[in-house]
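J.: Could you build the full structure based on these sequences and the hints that come with them?
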Amino acid sequence: MRRRFVILILAALTVLTGCLRRDLEFGSVTINLRLNINLRVHVNGHFEDLPTPEMMRVMFFDTETCELITESYLPATGGRISLPPGKYKFIAYNFDTEATLLRNDRNYYSIEAYTNEVSSSLKSSMLNALRYGKSAVTKADSDEDAWEAALKRLQDTPVIYEPDHLFVSHEDIEVFNITEGQTIEADAETIIETWKISVRIKNEQYMASARALLTGQIASNFIGFPKEEGKTDTDVTLMFDMKAGTDLEENDIVTGTFNTFGKNPNVESRLWLTIIIKTVGGDTVEWHRDITDEFFTEDAIEDQTIYIEEAIDIPVPSNPDGGNGGFQPGVAEWDEENVPINI
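Residue numbers (the numbering used here): 469 to 811.
Worth flagging that the hints you see were computed from the coordinates, not collected in a lab. Predicted model only: the values in this text are computed from it and were never measured. Hints are not guaranteed to be accurate.
Derived PhoX-like pairs (lysine-lysine); straight-line CA-CA distance at most 20 Å [claimed, not checked]:
(1) K620 <-> K695
(2) K670 <-> K711
(3) K731 <-> K695
(4) K620 <-> K591
(5) K664 <-> K731
(6) K711 <-> K664
Pair ranges (Cβ atoms, derived) [claimed, not checked]:
(7) V784 <-> Q623: 26 to 32 Å
(8) T498 <-> D767: 46 to 52 Å
(9) I646 <-> Y577: 27 to 33 Å
(10) E718 <-> G649: 55 to 61 Å
(11) G547 <-> R599: 51 to 57 Å
Virtual Cβ for every residue (Gly too), placed ideally from N, Cα, C.
T.: As structure tokens, this is what we get:
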């Protein structure tokens, strides 16, 4: 009798668990995703075409929770994807960047594009160069208190590498349960700004290398938002390399083209440009200037180009014919030497 009761209880449990109500589910349908990437970037008064990305990461998120549902990796032009019918939030970005990194990518609104900070040793060496290098612009030419404030800001804020261009597409889409197929088009454009800075220079022949620091920049961008809305307010200093060149009038310049997430709109302090020059003799020359006014002129904003006519005067190095300071290593001519070998 007891055994029969146990069997009845188990049978009842089986019936109850077997009759749970389940929502009707559709199978996946195949859609054709067509990506249109705008490769045109404005710099130095004209547009340049960037290389076509090698691969795009395509991500689909739940419209209510904004959590990631599925992802695919496609060519830059797009491709075919299988998805259940429904509404999605959609993000695509190029998956071939080296400096630009992505984090917190499981939620539509938390995906953040950023770059790494420079090492603490590199930052310390640059700060030491600024404090103890030969000043190409004397302290009397700039406000001493402002320069000390700029140095403190460099010390207190992160110094980051410049980002690679990141082409982003994001929008809401709907996949229909149709058998004839569906094509979805999405446009992508870069969230990175490209600027060019040039400064006149004297005694260019003594310059071995140059590196720039620009304060008042932002550290990252949340790519689920429109470009301007996604900018963070984390204040950082951008580091980029510069090189010798000539302008249209054949004047010697030190020039550099750099990428940035943009200027920090919430930072009221000025933008300081600092250039650290290594000479062929191994000396360090530092030049610094507040370029906020130049940064926001009508021509600069239109062309994304800044030109400073005030020349950096590189002093004659203490050892102009040698030393190299480790920046231009070389090997002297090999002298022929015959040595007898006993066999």
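J.: All hints are to be evaluated individually against the structure, with a verdict given for each.
T.: Hints, one by one, checked against the model:
1. Restraint check for K620 and K695: the C-alpha separation of about 30 Å exceeds 20 Å, so the hint is violated.
2. Proximity of K670 to K711 is assessed by CA-CA distance (about 14 Å); at most 20 Å being required, the pair is judged to hold.
3. With a CA separation close to 13 Å, the supplied pair K731 and K695 stays within the 20 Å bound.
4. A C-alpha spacing of about 13 Å is found between K620 and K591, which places the hinted pair at or below 20 Å, so the restraint holds.
5. Of the supplied pair hints, the one linking K664 and K731 holds, its CA atoms being roughly 14 Å apart against a limit of 20 Å.
6. For a cut-off of 20 Å, the pair hint linking K711 to K664 stands: about 12 Å separates their Cα positions.
7. Against the hinted window of 26 to 32 Å, the Cβ-Cβ separation of V784 and Q623 comes to about 31 Å, which satisfies the hint.
8. With their beta carbons about 50 Å apart, T498 and D767 fall inside the hinted range of 46 to 52 Å.
9. For the pair I646 and Y577, the supplied restraint of 27 to 33 Å holds, since their beta-carbon distance comes to about 30 Å.
10. A hinted range of 55 to 61 Å holds for the C-beta pair E718 and G649, which are about 60 Å apart.
11. G547 and R599 have their C-beta atoms about 54 Å apart, which keeps the hinted 51 to 57 Å range intact.
Consistency with the previously given hints fails for number 1 only.
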